[in-house]
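Peer 1: One letter stands for each residue in the lines below.
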Amino acid sequence: MRTGAMGICVMCLLLLAACQREKRDIRPSPTRLAIYGDAAKEDALRPGGPISPQPVVNNPYNGSAYDISEGQRLFNWYNCSGCHANGGGGIGPPLIKQHWTYGGEPANLFDTIVKGRPNGMPAWGGRIPEYQVWQIIAFIRSMNGEQPRSATASRQDSIETNPQNIVNRVRGKTK
Amino acid sequence: MKNNTRQIFSTFAGVLGVACLSLLISCAGHQQSAVDPAGPQSGRIDTLWWSFFWLLGAIFVIVMVLTLMTLGRRHRGFEQEPLEATHKPSEETDSRLRRIIAGATVTTVVILFVLIVASVGTGKANSELQNKKNPLTIQVTGNQWWWQLEYMNSDPTKILVTANEMHIPVGRPVQIRGISNDVIHSFWVPNLNGKRDLIPSHVTTQWMEADHPGVFRGQCAEFCGLQHAHMAIWVIAEPEDKFDAWMRAQLQPAAGPSTPELQRGRQVFMNNACVYCHEIQGTTAAGQNGPDLTHFGSRRGIAANTVPNTAGNLAGWILDPQSLKPGNHMATIALNSTDLQPLVEYLESLK
Amino acid sequence: MTASQDIYPQTPNLAHDVDQLERSWRHPRGIFGWFSYTTHQAIGMRYIITAFIMLLAGGVEALLMRTQLMHANNGFLSADRYNELFTTHGTTMMFLFAVPMMEGMAIYLVPLMCGTRNVAFPRLNAFGYWIFVVGVLFLYWGVFTNAAPDMGWFAYPPLSGPQFTPGKRTDYWAQMITFTEVSALCVASELIVTISKMRAPGMSLNRMPLYVWSILTQSFMVIFAMPAIVLASSYLLSDRTVATHFVNPAEGGDPLLYQHIFWFFGHPEVYIIFIPALGFVSAIVVAHARREIVGYTAMVLSQIANGFIAFGLWVHHMFATDLPQIGAAYFTASSMMIAITSGVQIFCWIATLWSGRPRLTTALHFVYGFIAIFVLGGLSGVVLASIPLDLQVHDTFFVVAHFHYVLIGGAVFPLFGAFYHWFPKMTGRMMNERLGRLNFWVLFIGFNLTFFPMHILGLKGMPRRVYTYSPEMGWDQLNFLATVGAWVIAVGGLLFIANVLWSRKKGAIAGNNPWDADSLEWAAASPPPNYNFEYLPAVTSRYPLWVPGADRTFVTGTRSDRREVLVTTLMDAEPHHRYILPGPSIWPLVAGICVSIGFVGSVFNAWYVTWGAIISGLALIAWFWPKRPLEPADE
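Residue numbers (our numbering), protein chains in the order written: chain A, 6 to 180; chain B, 89 to 439; chain C, 1328 to 1962.
Bear in mind the hints are in silico, worked out from the structure with no lab data behind them.
Accuracy of the hints is not assured; some may be wrong.
[Said to hold, decoys possible] Subject to a maximum C-alpha distance of 20 Å in a straight line, what follows is the list of computed EDC-like cross-link-like pairs (lysine to aspartate or glutamate): (1) Lys439/B - Glu349/B; (2) Lys1833/C - Asp1878/C; (3) Lys28/A - Asp1407/C; (4) Lys176/B - Glu1760/C; (5) Lys176/B - Asp1878/C.
Taking the hints into account, I'd like the entire structure generated from these sequences.
Peer 2: Here you go:
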């Protein structure tokens, strides 16, 4: 009976791991439709010394296969691939890289997409609902190998998301 | 044993009776029905169906009567031989039975041959449609979960792009050129003809013709994902002159907004994510991901005919697409009422 | 335990021989021992019970689906949940219930009917079962972690491809197929060898029972059909996990390739399920009509022809994909032609019942039910074979009605008949006849109430696999009727379980041959001991137990102090040599675990193919490690 109980515990743990991957939130909650002003501060320099710690903004769709797949669809539907191709860049910079100009963490990506950036990145805030921005971010992160392999979107013909393709990649930085 | 036999007979008769009754009751109601033909192809298929039905039904009854007769002693037709000891009757009985079985087998072969000839003949007759003159070619693109329709024309300015509602002229053959943008779908309007799959990386062809005016419903018939159940199409057959008038109206770009309210509505459309997916000819909205909305106000249904096209339904659809069709690809956009109302009015004005 | 003396003549050494057989065939003890069993009765029972649990699971899934479709716009289940349910229902019934159940019955019955002591490869038998169980657990693991497959039981790409079904749902499904197909191949190969080489002396091919012929045909079909599904599911799995392009159209693959390969397996699959059921019907008809079958040769040839022709029908599942007319017409002809081979068998059974002395037991009730339901299903199949008609009713509820009529009528009803017929042999007790007849009528009425209206629904335009429909379509009443019928079927299933549970404790004691049947399994005790027969029987007739007792012969001279059987020649079953079967062994389980690690892991990381191969290789080496030589066989 001891083995039985242990077996159930192991199963429950594995169950929880699978929960996030197979999550399918088809109806976004109303709060996710609004657009937040910004998620990440670009500079730690502030007048008046450090202030209370900022809340960490996490991507609610981390590790969720359905949302990464939706992100892939939206990446093409909203024509991100027009400038960024399938992550390799063209008119715009590549999205598979180690060093991000404005930061590669999900909060930074959120800011970039929502507020736009100089030299051509449009400000999508107010146009794309927030939940879709997060889905696109999940997809971009998956292109960089930052999402669990089992949840990652289908491989694309043009660029293989293989660790060897990401130069000097630091492993194990998933959120 | 006798009681048992009677019980079996009566139950069998009862089941057969229920079956017939349900058949008769439910023959009423002909929307999207394969046995309510509105064109020559579906007419031939309907005739073929009823021929099969009566012939095979008669065969079924004969087989069942013979099977049930095995239970009654007096219907055996052979002398009661001492089977208890040997477990087999005489050689003469056996060879007689074998001859009967051989005869039944030959009859089966003949009947099946007749059915094969009838089927192949019907198929050939139905494909004769493609030899008729002056077909109307419509390219149907299956998407998750809506139908894009393009009325082909050698003059590119006369190619009509619309969605989810197809008008066809009565008496003219229509060639459906089927492709798919994502997964396998199947174009099926039972009143007019059988179905044809729309397979990505293939082009499939189907022909149909309506022989009287009417409104016919079709539905996707190949499982295509979450909202396969809500992917319907209206095919409206109308006389040639009405069809031409419809085409001319549909080829026009969208009417410009004539009141400030409608102008506000168009502005809301342009300022939101709508333009990323939808096209309205005559405006700068040129999204290709979703259905063309140039003449949305003239269509009967919303969301691949999941609900009728009324202002209330449209408002509900725009505010929360996931409630009507959970899992579909339309973005959920937060609009407040000062934006929503003009937008709905504007879209309904696009006749 | 020595009851077969009543059937076969006595020998003076009986008590001593039986004592030695008891010891050499004894099951090992304890939990470790339980995992090491290699006797065919134990493994057959395990298959039967596991497959029956899968039948119940599939039934629950069906009930949930029917409840959702009870009326228009019902909100009982979401679209995603409904899609998962119909996919899991189809997958469970086809891969986890029907084929394993037929295999399990065959594993149990074939050695008994052939007059031998075990299957030819007992450890392979055990291995096949463990692989099957892991397949079941793997799929249902997915079901309970929101990763149930949701793309239809045939999983057409691109819907089942990486872009349109994210997550691991399809991957679990595809790999479960690998498990069940490996298991099926193991069972098929050992059954072919058993039937070919281990029959009782004198049981030439034309004296073999019709059930054994059906299993021989089915096993050959498994060997030719299963590789196709392994190929198709592997294409899909590797497209999804390691970026191959077999069936993904975005990169040059072709979805139709998958359909062809899948249905090349898929059509024979339904005959793999159905042909053993025909074997059941033959066995039950002969025993309960108490006469020899009419047209034995025609029956055998029809069954074999069925097996062959079944491989030439697969395109009838693809008539809507815009195929060239002439090619498609060939498949119309072959699809109609197979009605002839099935028809011949029906005629022979009717003739046997007509000229026999039918005794209306529950088992024979199920045979009559089978004839009624299967013939109707076969006739709707003739409708589907006709291309113009198929193009209207393909992918509608008409097809759902058709295949349930042929599968439930053609396979499940004979299966229930087989349960009632062989329960006395398997447990030593008779089932309750009154409850059995009630069971039959509830199932028969419930079945027809559920599925007959679906023919009409299909003609009225209701497509398959829709989680809801709108009230204007006019499909409400018939759907409601079908749902009521589904609940009636559920009651029938419960009645069966109640009958089994009651009869195990309170049923009348059966004895060896309560039906006075003809085939060899009725010579063994009920339930048979691990060694089946005290002395291996020899036969001189197609119906061995209908030969008068004084004329029955058996084999002497095989050793009883080790697991020894007689190997006979293929055609005439003349004794050829003695063969020592392996005893209990833990290595099938260990090898099964190693192979499972490889298969399960490869869904997540392709390297597991390598690790799995290495440890499986080690396990196989241990399995086949040569034992020290035995003392010479002659004494």
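Peer 1: If a hint holds in the structure, say so; if it doesn't, say that too.
Peer 2: Tested hints:
1. Lys439/B - Glu349/B: The hint holds at about 16 Å.
2. Lys1833/C - Asp1878/C: 36 Å, violated
3. Lys28/A - Asp1407/C: 11 Å, holds
4. Lys176/B - Glu1760/C: Roughly 27 Å separates the two Cα atoms, so the pair is violated.
5. Lys176/B - Asp1878/C: 18 Å, holds
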